[in-house]
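Here is how the chains run, residue by residue.
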Amino acid sequence: AQTVTQSQPEMSVQEAETVTLSCTYDTSESDYYLFWYKQPPSRQMILVIRQEAYKQQNATENRFSVNFQKAAKSFSLKISDSQLGDAAMYFCAYRSYEFRGSQGNLIFGKGTKLSVKP
Amino acid sequence: GAVVSQHPSWVICKSGTSVKIECRSLDFQATTMFWYRQFPKQSLMLMATSNEGSKATYEQGVEKDKFLINHASLTLSTLTVTSAHPEDSSFYICSARVGYYEQYFGPGTRLTVT
Numbered sequence: 001a002q003t004v005t006q007s008q009p010e011m012s013v014q015e016a017e018t019v020t021l022s023c024t025y026d027t028s029e030s031d032y033y034l035f036w037y038k039q040p041p042s043r044q045m046i047l048v049i050r051q052e053a054y055k056q057q058n059a060t061e062n063r064f065s066v067n068f069q070k071a072a073k074s075f076s077l078k079i080s081d082s083q084l085g086d087a088a089m090y091f092c093a094y095r096s097y098e099f100r101g102s103q104g105n106l107i108f109g110k111g112t113k114l115s116v117k118p
Numbered sequence: 001g002a003v004v005s006q007h008p009s010w011v012i013c014k015s016g017t018s019v020k021i022e023c024r025s026l027d028f029q030a031t032t033m034f035w036y037r038q039f040p041k042q043s044l045m046l047m048a049t050s051n052e053g054s055k056a057t058y059e060q061g062v063e064k065d066k067f068l069i070n071h072a073s074l075t076l077s078t079l080t081v082t083s084a085h086p087e088d089s090s091f092y093i094c095s096a097r098v099g100y101y102e103q104y105f106g107p108g109t110r111l112t113v114t
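Chains as they are written, first to last, in the working numbering: chain A, 1 to 118; chain B, 1 to 114.
No lab work stands behind these hints, which were simulated from the structure alone.
A few of these clues could be false.
[Said to hold, decoys possible] The following label-pair restraints were derived from C-beta to C-beta distances:
(1) ASN58(A) / LEU68(B): 39 to 45 Å
(2) LEU68(B) / PRO118(A): 45 to 51 Å
(3) ALA2(B) / THR3(A): 35 to 41 Å
(4) ALA2(B) / PRO9(A): 26 to 32 Å
(5) LYS70(A) / ASP65(B): 38 to 44 Å
(6) GLY53(B) / PRO118(A): 17 to 23 Å
(7) SER89(B) / GLN57(A): 27 to 33 Å
(8) GLY53(B) / TYR97(A): 21 to 27 Å
(9) CYS13(B) / THR20(A): 28 to 34 Å
(10) ASN58(A) / LYS20(B): 40 to 46 Å
(11) GLU15(A) / PRO40(B): 48 to 54 Å
Quick caveat: nothing in here was measured; it's all calculated off a predicted structure.
Note that beta-carbon positions come from the ideal geometry of N, C-alpha and C, so glycine has one too.
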C-alpha cells in the first residue's frame with residue numbers, strides 16, 4: 001500500500017520570504033500522480049499543484065514550484081515570495097495512475113500547518 | 001474552474017436522528033464522487049467512493065449501514081448519517097472527479113450531534 005509522509009507538522013515563514021514543505025512517499029508503482037493541496041481556515045480544499053511521475057520537469061504554478069525526486073520518492077513544495085494568504089494547512093497527496101482496485105483514491109499525508117508572519 | 005457544492009454547511013442534530021448531506025457538481029458531470037471525514041487538526045480520511053448508479057465502495061472500518069451513500073446522478077451524491085451519535089460529530093467533505101485526474105472538493109459540512 002502507498003503511504004505519504006509529511007514530517008513537518010508546522011512551519012513558519014516571514015512574509016516575502018521562501019519556504020519549502022517536505023513530503024516523501026512510498027510506492028511500488030512506476031506511474032502515479034502527486035499533488036499539493038491547500039486548506040485555509042475556511043477548510044475548502046484547493047489544488048495548488050500537480051506532478052505526473054512520468055514527467056522529469058518539475059511543475060510550477062506562479063509562486064509555487066515542486067522539487068520532484070522520483071528515485072528518492074520525495075516531493076517538496078516551494079513557496080516563493082510568501083503572502084499572508086498562503087497561511088493554511090498544506091497536504092501532500094498521492095494517486096495511482098491506474099483506476100483498478102484503488103479507484104484512483106487520493107492518499108493524503110498528515111499535513112503541514114504553515115504560518116506567515118507579517 | 002469546476003465547482004462542487006455541499007449542503008448544508010453546518011448541521012446540528014440530536015442523538016438518534018438521521019441527517020442527510022448533499023454534494024453536487026455544479027458545472028460538470030462527475031464520474032466518481034468521494035466522501036471524506038476530517039477530525040480537527042487531522043488529515044482527510046476516505047470513507048467511501050461512489051460511481052453513479054452503482055453501490056458505494058466503503059473503506060475498511062466504515063459502517064455501511066450507518067453512513068448511507070446514494071449516487072443518484074452524475075451531479076449528485078448524498079451521505080446520510082443514520083442514528084447519529086456524538087462520536088459522529090466531524091467535518092465531512094465530498095469530492096468529485098471529472099476526467100482522468102481532476103478532482104474537486106466541496107466546502108465541507110460540519111456535523112454536530114448533541
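Results for each hint:
Checked against the given bound of 39 to 45 Å, the beta carbons of ASN58(A) and LEU68(B), roughly 43 Å apart, stay inside it. For LEU68(B) and PRO118(A), the Cβ-Cβ distance of about 47 Å falls inside the hinted range of 45 to 51 Å, so the restraint holds. The given range of 35 to 41 Å is broken by ALA2(B) and THR3(A), whose C-beta atoms sit roughly 29 Å from each other. Between ALA2(B) and PRO9(A) the CB atoms are about 31 Å apart, so this pair conforms to the stated range of 26 to 32 Å.
Restraint check, LYS70(A) to ASP65(B): a C-beta distance of roughly 42 Å satisfies the suggested window 38 to 44 Å. Distance hint for GLY53(B) and PRO118(A): a CB-CB separation of about 51 Å, inconsistent with the stated range 17 to 23 Å. The supplied range of 27 to 33 Å is broken by SER89(B) and GLN57(A), whose beta-carbon atoms lie about 44 Å from each other. The hinted window of 21 to 27 Å between GLY53(B) and TYR97(A) holds, with their beta carbons roughly 25 Å apart.
Take CYS13(B) and THR20(A): their Cβ atoms lie about 43 Å apart, and the range 28 to 34 Å is violated. One distance hint, 40 to 46 Å for the beta-carbon pair ASN58(A) and LYS20(B), holds here, with the actual separation near 43 Å. Restraint check, GLU15(A) to PRO40(B): a C-beta distance of roughly 27 Å breaks the suggested window 48 to 54 Å.
Figure legend: structure checked against the earlier numbered hints; hints not met, in rising order: 3, 6, 7, 9 and 11.
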